[in-house]
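Order-wise, the sequence lines are chains X and H. Just so you know, the first sequence maps onto residues 0 to 389 in numbering that gives the first Met the number 0. Just so you know, the second sequence maps onto residues 0 to 447 in numbering that gives the first Met the number 0.
Watch out, some of these pointers could steer you wrong.
Below, simulated BS3-like cross-link-like pairs (lysine-lysine); rule was C-alpha separation at most 30 Å, straight line [stated by the list, open to error]:
id: 1; chain 1: H; residue 1: Lys-29; chain 2: X; residue 2: Lys-324
id: 2; chain 1: X; residue 1: Lys-375; chain 2: H; residue 2: Lys-349
id: 3; chain 1: X; residue 1: Lys-384; chain 2: H; residue 2: Lys-5
id: 4; chain 1: H; residue 1: Lys-29; chain 2: X; residue 2: Lys-384
id: 5; chain 1: X; residue 1: Lys-384; chain 2: H; residue 2: Lys-188
id: 6; chain 1: H; residue 1: Lys-7; chain 2: X; residue 2: Lys-5
id: 7; chain 1: X; residue 1: Lys-375; chain 2: H; residue 2: Lys-5
id: 8; chain 1: H; residue 1: Lys-172; chain 2: X; residue 2: Lys-384
id: 9; chain 1: H; residue 1: Lys-395; chain 2: X; residue 2: Lys-375
id: 10; chain 1: H; residue 1: Lys-63; chain 2: X; residue 2: Lys-43
id: 11; chain 1: H; residue 1: Lys-15; chain 2: X; residue 2: Lys-257
id: 12; chain 1: H; residue 1: Lys-395; chain 2: X; residue 2: Lys-121
id: 13; chain 1: H; residue 1: Lys-340; chain 2: X; residue 2: Lys-378
id: 14; chain 1: X; residue 1: Lys-43; chain 2: H; residue 2: Lys-44
id: 15; chain 1: H; residue 1: Lys-5; chain 2: X; residue 2: Lys-379
id: 16; chain 1: H; residue 1: Lys-63; chain 2: X; residue 2: Lys-257
id: 17; chain 1: H; residue 1: Lys-360; chain 2: X; residue 2: Lys-378
id: 18; chain 1: X; residue 1: Lys-257; chain 2: H; residue 2: Lys-349
id: 19; chain 1: X; residue 1: Lys-22; chain 2: H; residue 2: Lys-395
id: 20; chain 1: H; residue 1: Lys-188; chain 2: X; residue 2: Lys-43
id: 21; chain 1: X; residue 1: Lys-379; chain 2: H; residue 2: Lys-340
id: 22; chain 1: H; residue 1: Lys-115; chain 2: X; residue 2: Lys-384
id: 23; chain 1: X; residue 1: Lys-378; chain 2: H; residue 2: Lys-202
id: 24; chain 1: H; residue 1: Lys-7; chain 2: X; residue 2: Lys-43
id: 25; chain 1: H; residue 1: Lys-274; chain 2: X; residue 2: Lys-43
id: 26; chain 1: X; residue 1: Lys-43; chain 2: H; residue 2: Lys-115
id: 27; chain 1: H; residue 1: Lys-2; chain 2: X; residue 2: Lys-6
id: 28; chain 1: H; residue 1: Lys-404; chain 2: X; residue 2: Lys-43
id: 29; chain 1: H; residue 1: Lys-274; chain 2: H; residue 2: Lys-202
id: 30; chain 1: X; residue 1: Lys-384; chain 2: H; residue 2: Lys-360
id: 31; chain 1: H; residue 1: Lys-360; chain 2: X; residue 2: Lys-43
id: 32; chain 1: H; residue 1: Lys-395; chain 2: X; residue 2: Lys-384
id: 33; chain 1: X; residue 1: Lys-11; chain 2: H; residue 2: Lys-340
id: 34; chain 1: X; residue 1: Lys-257; chain 2: H; residue 2: Lys-340
id: 35; chain 1: H; residue 1: Lys-360; chain 2: H; residue 2: Lys-29
id: 36; chain 1: H; residue 1: Lys-7; chain 2: X; residue 2: Lys-257
id: 37; chain 1: X; residue 1: Lys-43; chain 2: H; residue 2: Lys-349
id: 38; chain 1: X; residue 1: Lys-324; chain 2: H; residue 2: Lys-395
id: 39; chain 1: H; residue 1: Lys-5; chain 2: X; residue 2: Lys-257
id: 40; chain 1: H; residue 1: Lys-147; chain 2: X; residue 2: Lys-384
Rather than coming from a laboratory, the hints here were simulated on the basis of the structure.
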Amino acid sequence: MSFIRKKLDEIKAPFEPGNKLEKYRPAVNALDTFLFVPNHTTQKGAHIRDAVDLKRTMITVVLALIPALLFGIWNTGYQHFSQLGEEVGIMEAFMHGAWKVVPMIAVSYAVGLGIEFVYAIKRGHEVNEGYLVTGLLIPMIMPVDIPLWMVALSVIFAVLIGKEAFGGTGMNILNPALTARAFAFFAYPTYMSGNEVWVSEAGAVDGISGETILGKLAAGTEVPFDSIHMFTGVIPGSIAETSTLCVLAGALLLVLTKVADWRIIVSGFIGAALMGLLLNALPSMGVDGNDLTNFAWYNHLIVGGFAFGVVFMATDPVSAAQTMKGKWIYGLLIGLLAILIRTLNPAYPEGIMLSILLMNVFAPTIDHYVVEGNVKRRKKRLQTKTVKTA
Amino acid sequence: MPKSVKVKRGLSLNLKGETEKILVDAPKSKIYTIKPPNFHSIVPKMVVKEGAKLKAGDELFYSKYSEKTRFVSPVSGTLKEIVRGAKRRVLELRIEADATIEYKDFGQMDPLSASKEEVKELVFSSGLGAFIQQRPYDILANAEDTPKAIFVSAHNTAPLGASFEFILKSKMKHFQTGINVLSQLTEGKVYLGVDADSASELKSVENAEVVHVSGPHPAGLVGTLVHEIEPMNQGERVWTVRPEDLAIIGELFNTGKLNAERTVAVAGNAAEERKYFRTLIGAEVKTLLSGQNPDGCRLISGDVLTGAKVEEAGYIDYYANELTIIPEGNHYRMFGWLPFKDNDIHSMSKTSLSWLFPNRKYDVNTNLNGEERALVVTGEMEEVMPLDLYPMQLIKACMSGDIEKMESLGIYEVAPEDFALIDYTNTSKIEAQEIIRQGLDLMITEVG
């Protein structure tokens, strides 16, 4: 360990303040702090500090994503081969998936971290770890056959316009990963929806039935899957969002470690369940509804990107509501809107992306009114005081 | 039924290196030092020159902007040196002490039979005003004000904090007189916060409303007490006094002498002799070290959350009741950022397994355990903030200097020390205390 440390210090020497390469220091530091927690000591304020830092928090999210990612890689292969009518082993399916997914992750990290490094050097701050999560999320929510250059463009848009334009990490209004997806969705709609994009190399197969369940429901075709399929995730969809089971495993880690706020997750599911129940009740109120509104409410919770979005995207602390009460409202509205958009808007057979982005925009407003309650309490106290003394 | 305050949100840090409850006399310090920067926002106007002969209680300087507030010498001796910094700012007044202390006689006074004006006059002219802080802004009290209430918190919940019950045991008579003095300085009440679970004599103090305080740190901070009992509103003033300082105030009224006795608890996992030392305000740090060589350690005048770094050759700060010694943490930890690694370092976060051992006492050092980052994580500050306000929103308002927002979010109710736990726990390693101090200073210049 001390050998590595010595080597690192040697490498870092020309980047230290006062030397020629000083301005590239954040880049070198980012690599160094990846190996070692630095030797920095407290210089002001409290003399002792908690063991937690942003790197640890972000790595915990990455860990939570691993089950869904591994499953997604396998499912990519499985969907491909099952469409071809071939029976293959787990490893073979996994290798096919990895062949598709790993390059996307590599492109996402390379492009995104590249921009982060450039901005860190330009603005003279350290590289923030948030992109470790964003960079993994972006490929996980894309259709598998999207060209790599589109992934790269989406990443550039998300990081530059979605984040850096607002002042960098911690200042963005929208969730960067969803911004990337929304960009791809509106810029290249033919690659992001329809019945051919969800299964790897589907174009090569005749008579493909690679639509997502929601796509089928919207089109009014037969759904050959039951709730167990939806829950375990052996269905076509974006790479890593299909398995509610794996998403919940990640959610468990996030909630137990308190990295994600359980309030948002719980209220999100409550909101979706309520909307599902309401829509399910339409026929009894004399309205016919459609296949989507009549889709059982509990299936709404486990199908599509809903669970993945609520657990990993809605809980992004920067773009979510920041107050306790705000988080309940924010989560509830995301759930309600996600199912509403999903069922009633024929153009978008999935609603979670738009519903989270919409609520990202409204989160500061929700917080404003929650905080205003506290401010009013203070003002009222002052008023009663003045009245008493007057 | 006495009033009680039960704090729910907070964090009591369980650290190694508690002070044994043994009181000893510290070796006599040759030099005692008053540091004007200890009195925030005071601009000193010197009344004595280098070489002046002083008695304990003789005036050294007064505040340029509130002349009634006087600052006096804690010992008798010779003013050896005035240390100045940039722009000739006075940093330290070093007084070489006589072998036996001579006291200036202020005359005895019974605060309860004297008039309010007489009491106030004696307090501020004898230098006792330096012991009285005000809220808002966490600065010294202005002699022209009459506060709506005065608060004393004798329950120290800070990590490795000195026990005021122990310190005051032999000073109860003076402490009671001090309370009587305070009762003459306010139109309202004097509140004394005591540990709800102890059977201390403090609970039977007269002329003050005793408040039973329980719960985790910052339950013992006076700001928490103020907030729970009589929250501050815009335009109001409350005063606060530290418990041992109150005994000094009382003693001056009882005896006519300023006995600037300070009990300093030496604590911390790197301290060798952990005892309570009886000394005087501004004593040399090395007289408290019992010969220990503190190389590789951080010496903190005060507690680990709010204290100030001092050198071995330095002097204890004016208000400090602790000298905390902990190891410096200037070392690397390989892959220390991995979740569930290094669980022997305490963490509020559940990404460490330290929460599985609630009774474990922790070794601490000064490592930052990370680097400063943008504010990302939400909800964690609220967990250690018992005051009814939104800490992160207030910090952001202070950072952007938005006065209107700071006002509406409760800047008048807070002091930097109320945010010390946020310094400790926040993931982004934001310096919350410093930000709040700057916010308060901005309010002083803009609103006053």
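| field | In rising order, the numbers of the hints this structure does not comply with | value | Hints 1, 2, 4, 6, 8, 13, 16, 17, 20, 21, 23, 26, 27, 30 and 35 contradicted; others consistent.
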